[in-house]
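Protein chains: 4
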Amino acid sequence: MSDIKKLTKQIIDFRNARDWKQFHKPKDLALSLMLEAAEVGEHFQWKNDKEIQAYIKQHKNDIGEELADTFYWVLLMAHDLDVDLVKIFEKKMKKMRLNIL
Amino acid sequence: MSDIKKLTKQIIDFRNARDWKQFHKPKDLALSLMLEAAEVGEHFQWKNDKEIQAYIKQHKNDIGEELADTFYWVLLMAHDLDVDLVKIFEKKMKKMRLNIL
Amino acid sequence: MSDIKKLTKQIIDFRNARDWKQFHKPKDLALSLMLEAAEVGEHFQWKNDKEIQAYIKQHKNDIGEELADTFYWVLLMAHDLDVDLVKIFEKKMKKMRLNIL
Amino acid sequence: MSDIKKLTKQIIDFRNARDWKQFHKPKDLALSLMLEAAEVGEHFQWKNDKEIQAYIKQHKNDIGEELADTFYWVLLMAHDLDVDLVKIFEKKMKKMRLNIL
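Protein chains in written order, with the numbering used here: chain A, 1 to 101; chain B, 1 to 101; chain C, 1 to 101; chain D, 1 to 101.
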C-alpha cells in the first residue's frame, strides 16, 4: 500500500480518533518537519564519504525512521493546507525536464 | 499517479538521464532536505494563528511547492539509502496505534 | 567593541525604540534562529571540500552576514530568556576540558 | 569575560590542544550549527504562548545550554572562515537604524 492518499488517510484517521487536530497548528507542523529533517541530518555529522557508506550499512533502519518521520509531517501538512502534493510534484518534474527549473 | 514507487522512479530516471548521481552524496541530500524544510518553515515566521490562516489561503501553492521539494528529497534519500519508506511508515503507525510510541 | 553585553544592548535598544518586543515570541525567535542557521548551511550545499575552500575565499562576507544574523538571534534569545550566555558557555568549556562532556 | 575575541580563543585553544581542526570542515561546522539551532527550537514544539512562558521558567538552563552550543559554532565558524563577526554585526545594526535593511 504505497498510495499517498491512503497513507495520508492513515495519518488523519489516527489523528482524528484522538482528537489531536487541535494541537496541529501550521507553525508547529512546520517546526516538527524541520526538527525531523534535522534528525535525518544528524546521522551524517562529522563523517566523511567513506565513513558514511559504512555507517549507512549499519544504520539504514535508524535513518529510515527519521525519513519516515519527515515523510509523516510532509503528508500531514499537505493534507491540512489542502495542498495536492502529487500534482505540485508532477508540475515540478515537468518543469525540470523542460529545463525551466 | 500517487504511488510512491512510481514517483520515486520519476526522480531517479530524471537523475540518471543527466548522470547526476555523482553529486548526490548522502550528507548533501540530508542538507538539502533540511534546507527545504526550512523553506517550508519560513512561510510561518512571525505570524500568529489568525494571520497564518489568512496567509495559507493566499499562499497555498507556494507552501505546497516547498512541501513538494521536501517530499522530493525524502523519496530520493530513501531510494539511495535503500530504505523502504512505506514499510517503516506502516511499522511506526502500528506502534502508535498500539501506544508503544 | 566586542563585549557581548554591549552588543546585546544594541539589539535591545533598537528593538525597544521601535516597540517590536510584541512580535518577539520565543517560538518565533527560535524559528528565526533555525532559519538563519539554514542560510549559513545553504552556502555549502553540493560543494566538495576543494570547492568549499575556493567558495569561502570569494564569499566570505556573504557567509559572514548569515553568521552575524544567527549571532543576532542567539543574543536576542539569551536576553529575552534571561540566560547568561557567557556563564553557560564557560561552564561548558570547563566540562569539556575536564572531559566530563 | 564577555569579550568575543577571548571566548573564541578559548574554543580554538581547546580545539588545537586536541588536534581537532582536521575534523572541522566548513560543511560539518554549518551542519552542527543547524543541528544546535534545531535543539533550541525543539524546546518550543507544540507549546502555546502561555505554556512557553511557564516552560521557560522551568527550563531556562536547558534552553540556555542549546543557545550556548549554537553560539559556540557561530564563533568557531567565524574564526575558521576569517570572518569579523562584530564588524559585520555592527554594519548590519547601522543599516537597520538607517532603515536600509
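Keep in mind the hints are simulated off the structure, nothing from the lab.
Incorrect hints may appear among the rest.
Unchecked claim - Just a few of them, taken from the derived set where beta-carbon distance is under 7 Å, the chain B residues facing chain A:
id : residue
1  : Phe23
2  : Ile63
3  : Leu67
4  : Leu76
5  : Ala78
6  : Lys94
7  : Lys95
8  : Leu98
All values derive from a computational prediction rather than experimental measurement.
Beta carbons are placed, not taken as given, at the ideal position from N, Cα and C, and that holds for glycine.
- Looking at the structure, which of the earlier hints fail to hold? 1, 4, 6, 7, 8
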